[in-house]
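Please arrange chains D, S and U on chain P, whose structure you already have, making use of the hints.
Here is how the chains run, residue by residue.
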Amino acid sequence: MKKREVAAMSKTQYSGVKVKRFSKGFVIAHAVNAISFFALYITALPMYTEWFDWLYPVLGGPEGARLLHRIFAIAFIMPTFIWLIMDPKGFFRWGKELVTWKKRDLQFFTEFVKELFGFKFKHVKQTFFNAGEKINSIIQILTAILIIGSGFPMWFPDLFPKAVVQWAYVAHNVGFGLAIAVVVGHIYLSVIHKNSRPGYTGVITGEVPAEWAKDHYTEWYEEEVKKGNFPDLDKDKKKKKGA
Amino acid sequence: MAEYIKYVDVTKCDGCRACMVACKNWNDLPAEPEEFQGSVQSHAKVTANTWNVLSFIEHEDSKGNLDYLFRHSSCFHCSEAACVKVCPENAMHYTDFGTVNVDSDKCVGCGYCVQNCPFDVVQLATYKDKNGKEYKKAQKCTMCVDRLEEGMQPACVTTCHTDAMEFGTKEEMLKKAEKRLSEIKDKYPNAMIYNPEGVGGTHTIYVLAEKPSVYGLPEKPKVPTSAVVWKDYAQPIGKMMLGATSMALVGAFVSNKLFNKEGKGHEEEGGGSHE
Amino acid sequence: MVEINLNRRQFLKLSGATAATLAIVELGFNEKEVHAKTKELKIAKATVTPTICAFCGVGCGILVHTKNDTVVYTEGDPDSPVNEGTLCSKGTTIRQVYTSEKRLTKPLYRAPGSKKWEEKSWDWMYETIAKRTKETRDRTFVEKENGMFVNKTEAIASLGGAALDNEETYLLAKMMRGLGVVYLEHQARI
Amino acid sequence: MTNHWSDLQNTDCALIMGGNPAENHPISFRWLTKAKEKGGKIVSVDPRFTRTSSKADVYASLRSGTDIAFMGGMINYALEKNMIHKEYVAEYTNASYLVKEDYEFNDGLFSGYDKAARKYDKTKWAFETDEEGNPVKDKTLSHPRSVFQLLKKHYSRYDVDSVIAVTGTPKEDYLKVCEEFCSTGKPGKSGTIMYAMGTTQHTVGTQNVRAFGIIQLLLGNMGLPGGGINAMRGESNVQGSTDFGLLYHLLTGYVGTPTAIPEHATLDGYNKKETPAGGYWSNKPKFLVSLLKAWYGPNATKDNEFGYHFLPKGNKNYSHINLFNAMYKGELEGAFLFGTNPVVGGPNAGKEKEALSNLKWMVAVDLWETETSAFWQEEAGSDPSKIDTEVFLLPAASSYEKEGSVSNSSRWMQYRWKAIDPKGESLADLEIIHMMVKHLKALYKNESSPAAKQFNAVDWNYGGGDHPDIDLVAREINGYDLTTGQLLKTFGDLKDDGTTSSGNWIYCGFYPEEGMNRSKNRDNKDTGGGNFLNWAYAWPANRRILYNRASADPSGKPWSKDKAVIWWDGIQQKWVGNDIPDFKPTVAPADPGGTAPFIMINGGLGGLFAPTLNDGPFPEHYEPFESPVKNAFSSQEINPAIAIIEGEFNLKGDSKKYPIVGTTYRVSEHWQSGSMTRNQEWLSELAGHMYIEMSEELAKEKGIKNKDQIIVSSARGEIKAYAMVTKRFKPHMMKGKMVHQVGMPWHFGYKGYATGDTANRLTPHIGDANTTIPEYKAFLCDIRRAD
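Protein chains in written order, with our numbering: chain P, 4 to 246; chain D, 148 to 422; chain S, 10 to 199; chain U, 39 to 825.
So here's chain P without its partners, still in its complex pose:
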């Protein structure tokens, strides 16, 4: 690949071979999603709990916080469309994978827990998205629907029946509660957990170390190899068998 010679970006001893994992559309969408999510989180925090009332002055008072929350709310709705427009293929593959569940997906979880806590684990062959990511996606989709769906009645209460607005508060709260839980995990895995870190870099640059990709998303990697898009790492390391 073109960027084979790129220097290792982390302590991880990869061969330096990078493969394209994320399209530009996805990268942008993900970034917008991430930034707006955190912005929404921060702008809502002082209302969620008084511990963060000190944020009001920072945000320009309740009115400033409210305005920002609304601006980022719009931003928060955008990623789906960004991805869909800039990378429809990737978007639809994502959609397809989310509804495709096989045995390996379930196996993933047992291994994932081990990996998460640093125990011995083995990689279960995964497609472009592993089962964890799929769960993440699904929960995020659901919570986004909850949050965005409830956000409208909260924003424009006069346009909705009162009961809808009242339940919207609950939905927003539940959606947000779930989302933050998932997001915290997601972030942990991507930023803090050592084994996922290449994914974090990848979601910014679009590229990931080939070996890492092969380990984590074997099925996908192999498919891409077949298509001739990715280098066949097994060829380089003939002694070793693919997992």
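In case anyone wonders, no lab produced these hints; they're calculated from the structure.
Note that the structure is predicted; figures quoted are calculated from it, not measured.
No residue lacks a Cβ here, since even glycine has one placed at the ideal position from N, Cα and C.
Hints are not guaranteed to be accurate.
Heads up, incomplete: computed chain S residues facing chain D, CB under 7 Å, no partners named [claimed, not checked]:
| id | residue |
| --- | --- |
| 1 | L50 |
| 2 | T95 |
| 3 | L96 |
| 4 | C97 |
| 5 | S98 |
| 6 | T101 |
| 7 | R104 |
| 8 | T108 |
Showing chains D, S and U alone in chain P's frame:
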């Protein structure tokens, strides 16, 4: 301290609306003229700058007799107030008198109280600061708490010439209401005391001549279930979940450090050179 | 200035210690107590003057609270046996008779054929009005009719006065009859 | 009011008719609510179900302008069912008087009618008198020419069915009203009648009130606590301004103005003609001379008939309608307007506005720029370039920016202290009047023309400064003993020899000594019966319940303990009780005149038969000037004694073109022409829109929905307003014919915060036969959707 309530006997009210202007006068509230309502009623309902509205109802009873009913409507000051429950800033609070008030310094104008009030009382008022920037605050009847603190009665009660409104201890007022109810039952068989249980009773209670619905009041108002689910379950659980997730991650981080030093415990399969 | 008896004001029957402190603060007229509060009661330190309502003929007593050269509150006079501290909407709002921005604050003159008002001084107004009155009156004055004194002018009318004080109506009637005005009417007729 | 506001709580039944106190005199309901709590009943009679009706125990509807039919029926009911207070009627009213044979009544006309002049010769209604001039009586009340029998005969025509065919009242409701109110005829019960402009603003307005007087005398309700006839006055000092003679036909204290008739050429002539032989009015010369002494001071001497000649003497009816007719015809040059707004409040207001442009100059003293002072503006629909009227608009101080007294409906003279300096450059009217006089005096100082002589004679000494000393004015009103310079203690001390002065005899005694202006009294301890004798001052002589001698039986004992006011104390040999006796306190029941309670009247007996009014001794039903139906009681359609102005100034509509009865009224939040209230934001938001109330039936017929914009038209003009479709108006069925009625508030104009079309553009320029009060309350109109 004993609980105080405002007792409104609508059967004595003659609709003069002095209570409406006494309120504006005492609280220095601006006028906000509305469109013609099709009756002499001035405002469709209470607003952030019109804390009490006199409603005028033409009602024909089951015998076809015409009645012209009046009701002073203002904040009910619920004992279990939905607005207090949902307020994220503790701006809505109970006073020593048992009434419900907004602490304007704390209010951020989120409007949750507006949406959850079972009586559609609380509203947001828009103000402008020195720089012309607009900001909002929840506003509603304060039961003239500043007067109460000085030992005076609410302005609306003081001005009421038929004594359709009185202010006093809950016990005393409820007794009056019971007595009045027995007096008017003959004339108004549907008469009742309106002091709804669903909100834990109120600090503005009524003797109504007709069913609550005739006055546009909910028959059985209560704190919205959504507010209960939200504030008593969803939010605590959410906070717990956030805590639990955080704890789990901290645990994961720590255990990673403990059990996974120098890449041990990691299968070398798969060609990944994990540390 | 009149002395007002505020003892009849209705106070809450508060129990215990609160009652003791609250009872002292009658209406917020006790300045010391009021100042102890962070937010001053709006009628604290205000001057209170009794008046009678300017609207209908019931004659309700009203207390006018004035402070910093404006009217801060108006309410029923609890001492009045007519209204015992209560008022209707008009009486309650009488504060805005002073505070309304629509109040005339300067003498205004409209010249014949003019489209607008002009501000004039009181002196100019008095002098001009006196001149016009005298001119019309002298020209239309009838001293005698069929041999009897009638001393009248039928070219000047005076209308209104039902909102004036007794002393004012007395002077107005005296002035108009003194000028020989016979078209003398007020709202009792309409 | 014969009684007073807090006395309403003593009533057993309040008949409220031609008034809507819950909306227009709300505080009265404080007392009516108390009466209700004590078991008293409220009866409301009104074309519209008002807020007063909503608080009433009995409500009956009637078509506007049929009050006499309604009350006539009640008089008949009381007589037929024998519910009257027999002893009271026999002893305290003129029921026993015999009327001369000249008196007749035929087909709506009393004897003595001059059709061409539209006037009666009232001498045809005289009482029979003996050689000494005393009326001949038949205490058995059975003589066919006794007042009682004539009354019975007159109202026998007002049987229930005939009445309701005219009023449109449902029979059941009508009977309930009669039964409820007539039950106060029992001794020990008292009933009050409360009315306002709904009663007086008719071509039969005075007779409407007379009908109240007759029923109250029959039921024995006059002079009792919770009784009486109570006119609820619409303005804070319309009582006082009337007391002080701001009407063309009255000087102060109800002394009639001398007119340009030969009998009035001299003071003696006037006194002879206008002073009755008996009753308190026999003192009239004392009142008049004392007034002349107050007005002309040292210039009123015995030699010049105390300045009697200085008093202007007119020769016609100068009342409001005629005043504007004269202005319309260009006969007036200048006008002073003190807080009045006829362009909104006057009848046929469009014409009144037109009339103003005929003035050369106008002085308007007001708190606001009104529709009247701004009549020349484009906003008013005028072309300023074509109007040559000079307008002087002087800013006046409001009621609490100055000090002075006002007299409420109960005749209570209450003081208002000054709370704040007048706003801006505004000034108290007292000062404005004073300064105008001073400037005029300066102009006339060196002249000796007849005009100058008259004005120079006016005694004007109220202190040196620009602002007159109000205390000097107050003292002048009370009056002095001019021989000692002391303030007078009572009008009983007034003299007709020029040794006393009093600006207004009925107020004499309110300032009995130095530093004792009793209008300033603020002792609110109940002195008994809710009369509060030490709160303010009630004219005359601080009496709170007029004719209170009638609360006791002829022997001086109260009719009942509950309703005691004054009684004869045999030991002290005087009348004592809760109130100042409206009677000579030492005249014992057995003394001559000791059982004649109505002391102002010659003979002291209540007038069931009143030969003094212009339109008949008994009230008789006539249809309003504009009516949808024919008069069912006689072939006289309208009051035969009203003066009609023909032509453009007073166009008349007919019932084919304008089939709907229209009426006007007030709302709680606005006051009169609205200039005081529409310029206040809080009141404007409460009642911000002009509307027309109509029944659902009429709305359906006309395809009008609630809140629609509609047009109301009459022969005089048309206005636009919102439709208020309500169950509170119901059409009246009259002999199978459905007659609709609409009603509207008359407060609106184009100035202020709350604006709307002026209802009085629709009302006619026609007045009552006695007072010339315009008939605002019943006229014909039509309505249609505005689009």
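Go through the hint on T95 (chain S) and say holds or violated, using the shortest Cβ distance to chain D against 7 Å. holds (4 Å)
Close enough to count: is the Cβ of C97 (chain S) nearer than 7 Å to one in chain D? holds (5 Å)
Interface hint compliance - T101 (chain S) to chain D, C-beta minimum distance less than 7 Å: holds (5 Å)
Residue hint L96 (chain S), partner chain D, criterion CB-CB below 7 Å: holds (5 Å)
Grab the minimum C-beta distance from L50 (chain S) to chain D and call the hint holds if it beats 7 Å, violated otherwise. holds (6 Å)
Against chain D, with CB atoms and a cut of 7 Å, does the hint on R104 (chain S) hold up? The hint holds - R104 (chain S) has a Cβ within 7 Å of chain D, the shortest such distance being about 6 Å.
Is the hint on S98 (chain S) kept, meaning its closest Cβ partner in chain D is under 7 Å away? holds (5 Å)
Would you check whether T108 (chain S) satisfies its interface hint, that is, whether its CB is within less than 7 Å of any CB in chain D? T108 (chain S) check fails; min Cβ-Cβ to chain D is 10 Å, beyond 7 Å.
Consistency note: the structure conflicts with earlier hint 8 alone.
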